[in-house]
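Participant: Each chain, written out:
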Amino acid sequence: MSILEIRNLHASVADQPILKGIDLTIRSGETHAMMGPNGSGKSTLAYILAGHPAYTPTAGQVIFDGMDLLDMAADERSRAGLFLAFQYPASVPGVTLAKFLRATINSRRKAENPDDKGISIPEFRRLLKQKMDMLGIDHKMAGRYLNEGFSGGEKKRVEILQMATVEPQIAIMDETDSGLDIDALRVVAEGSKRLQEELDMGMLVITHYQRILDYIQPDYVHIMLDGRIVESGGPEMALKLEESGYDWIREKYGVVEKV
Amino acid sequence: MSNYVITQLQITQLPNYIIMNTFTKEAVKELSASLNEPEWMLEFRLRAFVVYENTPMPTTKDEAWRRTNLRFMPWDEFGPSINGDAAVDAEVPSFLGEQLTEDEVGGSLLQIDGVTKQYELSDELREQGVIFCDMSTAVTEYPDLIQKYFMTEGVRPDEGKFAALHAAFWRGGTFLYVPRNVQANAPLHTVLWSVNGKTFTHTLVVLEEGSEAVFMDEYASADNDKSGLHNGAVELLVQDNASLIYAGLQDFGTNVWQLNHERGRVGRYGRLDWVTSMMGTRLTKAFQTLDLDGPGGWGRMSGIFFTNGRQHLDLDTQQNHNAPDTTSDLLYKGALREKSRTVWQGMIKALPGSQRIDGFQANRNLMLDKTARADSIPGLEIEADDVICTHASAIGQLDPEEIFYLMSRGIPRETAVEMSVQGFFDPLMRRIPFEGVRNRIFDRIVEKIY
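Chains W and F, in that order, are what the protein sequence lines are. According to our numbering, the first sequence is numbered sequentially starting from 926. According to our numbering, the second sequence is numbered sequentially starting from 382.
By construction, these hints were calculated from the structure, which means they are not laboratory data. Where hints are given, some of them may not hold.
Claimed, not checked - The calculated lysine-lysine pairs, modelled on DSBU-like cross-linking and capped at a C-alpha distance of 30 angstroms, are:
id: 1; chain 1: F; residue 1: K829; chain 2: W; residue 2: K1035
id: 2; chain 1: W; residue 1: K1118; chain 2: W; residue 2: K1177
id: 3; chain 1: F; residue 1: K829; chain 2: W; residue 2: K1024
Note that the coordinates shown come from a computational prediction; the quantities given were computed from them, not determined experimentally.
So here's chain W without its partners, still in its complex pose:
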């Protein structure tokens, strides 16, 4: 059982306050959707949790299974069981997808046991093949440089492939649905849902659209506005947003849309 507790989190980017007091608790097996207009701070929350060096927490706490998450380096957070599926994953020229995935596995094994020799090549090949098949990824992708020249859909699938490889306890999906056609969305969303059930993951799904939530079926829906969670509710909240947009939220909280 894992718990990620975000308490009164404030954060800045380049001295600009973006998060202005976030409180949210995510437990194993729970799926939370985070919605809200552009610029409300959703991606900043994702980056802060993953430990991006350009994002600075200025107040509050994040406790992950009793550990102070904000004190940990990005790689430690990942090995502790936190995962972020990036909206715009970086490309890593010269490093193949296969080599990269092996490194993610071996880094975990080495952290457990410094003498570990790493996963054997046949074992790794079996694992990779199985996970790629689950997400409908062409095996040839394994030999390509990570994200280099990948289409939007390929990048998102590969993010989920990474999630399937490292098997996190808590996963954050940052607009994984953006830029996907309907078929790709289904594969990615169903794959994530299956993983969540298999691993009993806690999930935070950042999105603008109801579409992905049809597959992922959130237990809770939160609405973020101007760096705060202003509304929380059940799945019906997402449907309401789909129908009425964000204007009623802005009106209710007196926030003017940034142009």
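Once you've looked at the hints, dock chain F against the given chain W.
Facilitator: This is chain F only, laid out in the frame that chain W set:
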């Protein structure tokens, strides 16, 4: 032996900071006598010595030397390698003996300070007529071939001060000769280990028409307090329809100063796949020239270098398209740390009438520290009109987003940086067909990152 032209130059007063009084005519004679050389080689050396004496020391006013100042070289610590001072009993690190190719080597040569320590050549290669031996043996046993090819077509003694110095004082190195239409059935591997810091090795490869060979040529030494000089030459003569894969792997200690001349010549439909790895030395100035002499000739130059500390590496490459329908492809990549400096100056030349040529050159540098400096200077001199010639150069840093991305998957920072640097070199590594060579270079890259 064909005579090269001795340019009659004014004997220039050497600047007084240069004390090279150990490189004398008497030393030339002593060296040649100690090697029991035939008269013609002594004469060759003495003629080269005259060129050496008559050629002024390059200064930063010379275009090719603008970015490398020889003033700081410890000239008084250098000297010729004459019998008696070679450390033939020294230990050689065991990794150097390791096989670099998947196929078992057919010939191997280990020299210390230019003196042969171990030598093997398979019966199969002997039966094929392949000659693979140290250069001094070649002078004695194959005088006709040496008089025909030694410093006549490849590197010539009158190319510069240090080509002449080398011609006068060369010692050790490898002669590889593959006769017409013979495909050497196994790779060849030379290790040149230096202890006394006086290395003047010469590599001469002659591939006759339609022949093929693979040759790994390694140069290395341990770090040492005493300054050393490596003044080498590499000649790769690939005749019509012949094909050579040559990897020159340099890993000298940072006490070594290197002044090299290297040239590959490729005949009609010949192929030269030329890999250079440079990891060591305090200073290297190397001239590497590819001459595509026959129509249909192909040459690929792949360079990998990594400098740190106060290393200074200055590479001068030329791709000369001397015939129509020739193709050259150069990719040199370097990583730099600390206060090291690299210079790559590349030139593609096409003679008038060299139509339908395809020349490419690219140099990319990865700056791992802000204190390092890389100069990248591509150039084209094209006198034909139906050509494709492209060049590219780039200087960049590690991408923090890339490092963060790798770390966000649980990969520790050090490993992430290693992967990113290895990734930088990967497109070059893919050009090297031997896992052992790739691993050797990878290991050194990883060692040099921190």
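Participant: Is it true that the CA of F/K829 sits at most 30 angstroms from the CA of W/K1024?
Facilitator: Status holds; Cα separation ~21 angstroms.
Participant: Verify the proposed pairing of W/K1118 with W/K1177, using a straight-line Cα cut of 30 angstroms.
Facilitator: 33 angstroms, violated
Participant: Checking one constraint from the list: CA of F/K829 to CA of W/K1035, max 30 angstroms. Satisfied?
Facilitator: 22 angstroms, holds
In the structure shown, a violation is registered for the earlier hint numbered 2 alone.
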